[in-house]
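S.K.: Listed here are the chains, written in short residue letters.
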Amino acid sequence: MSSVRFGCRVPVEPLPHQTWTRIESAVFARLDDKSGLSLPPLSGSAASPRPLAWHWRASMGCFLAASGIASVIHSTTSSSAGPEPEPPAATDSRAQDGLHVATGAETRSVAIGDHRFTLSERSEIVARGDDADGWRVELSRGRIELEVAPRRDRPPFIIRSGDVEVRVVGTLLSVQREGASTEVHVSRGIVEVEHRGRIVRLRPGDRWRDGTLSGTAHGTTGAAREGDASHERRAARPVGEHRPEPLARARWLEHWFEPSSEGENVADVESLRARLGGGAAR
Amino acid sequence: MQPKLRLVAPAADMAETRAEESPVDIATMELVRRAASGDRAAQRTLFRDLKRPMHATLYRVLGSNRQVEDLLQEAFIELFRSLPSYRGEAKLTTWADRITTRVAYRHLRRQRLILATDLPGSNLTVAGTPEHDLQAKEGVRRLYAALAAMKPHYRIAFALFSIDGRSLKEVAEATGVSLIAAKSRIWRARRLLNTAARADAVLAAYLTNAEATS
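Residue numbers (this note's numbering), protein chains in the order written: chain B, -17 to 264; chain E, 18 to 231.
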């Protein structure tokens, strides 16, 4: 079989009108059935996660990511010299416009759809939104860690901490806030940080804090690298849209060719190499 | 000594990876905006506009209408829920294709061992004698049986390209991979089909006839 295509396409057997009516009714019935959030059981210790379906929508100052965990830490600013009061026990409640979760002296874990969500002690969040419009988490105090699966075409996952917003497509990173200061650390994947109109791309090992970038991945310290136009274009890319980074010639060739024990079409390889200026056949 | 290499994708395909989609028209963006905001009339319009392309994609990947009803529901739910993130950088049909193939992929992973036993249709446009039509139908059935034995992403890429007649670029967009990856999947599916055809004369005859008419 030398040809890839088939001359006769398999004709599509049409669906009866009643079937389409049934499908349409079921689709819109499910769209209308916004079941909202299901709260995990209250407990004094880290609870077993219960799946929740949360989706988040970016609005500003966002981070784009590949896959993994995002943790947002927010600690209350306190200039008082006295000891902190004993934190209240963990509470869950359905706020009028969202879900309110607060922890006391313990951590709390929750599963949200295919995302995992952990509140550290003395943390408090309010989550608003729904599957259709996206979800937003407001971190009032403390720290949350989120494991966000790749979003693909789903709305992004948004965490807001003060004037910083994190849009997570799917990434492994931590975001920590102390007062007005925000720190981002990437463990896996690539994250774009937008802050005050500037976009910086972070890679595994990078750490960004209030405009300063440092990290083992790039070996750079000091002022954050400003994003170039390509970064801004990528930042403007819709969620789920993937464009591979430009490949160096060597890497491009690796992708274009695969080892063949049969050695077929070597002539094509030779001509391609020649066209690329790779020199004579070896 | 350099290893012998085989060209997987010609250089010309590289240009396609950078080709820009023509911008989505304003009317479509407005329709999407209204549908995303909950406008039921807009949502129904989108449903009617996209239902047949999405059904065709599912049908050609799966080879039958079995479970298509549930899968179409699933695909449309995903589509409507993802509308807020649609920015118009790809055609809406491409967007829908991507969602549909993802639904098909998940289904195939769950149903890996189920063979396509339903005939893909009684109205095959293969002209000829009744015996020829019967042979063609059996060939299609065996084709889908062979596809069912493949990994889902090979099957989907092959079905979209060779059965549904999509371009390589369209297959890459629908499956969310690069042109290289799409072509590699199609190539691997072809190799597996070749292997199956060597042991199946009916399948081999069907594939040969299909090739001759292409």
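Certain hints may be false.
Said to hold, decoys possible - Some, not all, of what chain E presents toward chain B, calculated at C-beta under 10 Å:
{"hint": "1", "residue": "Q60"}
{"hint": "2", "residue": "Y76"}
{"hint": "3", "residue": "Q84"}
{"hint": "4", "residue": "E86"}
{"hint": "5", "residue": "K108"}
{"hint": "6", "residue": "I180"}
Claimed, not checked - To be clear about the criterion: a stretch of chain B counts as covered by chain E if any three or more of its residues have a C-beta under 8 Å from a C-beta of chain E, and this derived list gives those stretches:
{"hint": "7", "region": "118 to 124"}
{"hint": "8", "region": "180 to 192"}
Source of the hints: derived by calculation from the structure; they are not laboratory data.
Ideal Cβ positions, reconstructed from N, Cα and C, are used throughout, including at glycine.
S.K.: Go through the hint on K108 of chain E and say holds or violated, using the shortest Cβ distance to chain B against 10 Å.
M.R.: Not OK, violated: K108 of chain E not within 10 Å of chain B, min 13 Å.
S.K.: For the restraint on E86 of chain E, tell me whether the closest CB of chain B is nearer than 10 Å.
M.R.: OK, holds: E86 of chain E within 10 Å of chain B, min 6 Å.
S.K.: Should the interface hint for I180 of chain E be scored as holding, given a Cβ-Cβ cut-off of 10 Å against chain B?
M.R.: holds, 5 Å
S.K.: So, Y76 of chain E near chain B? Judge it on the closest CB pair being under 10 Å.
M.R.: Status holds, d = 5 Å.
S.K.: Given Q84 of chain E as an interface hint, is its Cβ closer than 10 Å to any Cβ of chain B?
M.R.: violated, 12 Å
S.K.: At a Cβ distance under 8 Å, does chain E reach at least three residues of the region 180 to 192 of chain B?
M.R.: With 0 residues close enough to chain E, the hint is violated.
S.K.: Take the region 118 to 124 of chain B, compare each residue's beta carbon with every beta carbon of chain E, and decide whether three or more fall closer than 8 Å.
M.R.: Not satisfied, violated; 0 residues make the cut.
S.K.: Would you check whether Q60 of chain E satisfies its interface hint, that is, whether its CB is within less than 10 Å of any CB in chain B?
M.R.: Since the shortest Cβ distance to chain B is 7 Å, the answer is holds.
Against the hints set out earlier in the document, violations occur for numbers 3, 5, 7 and 8.
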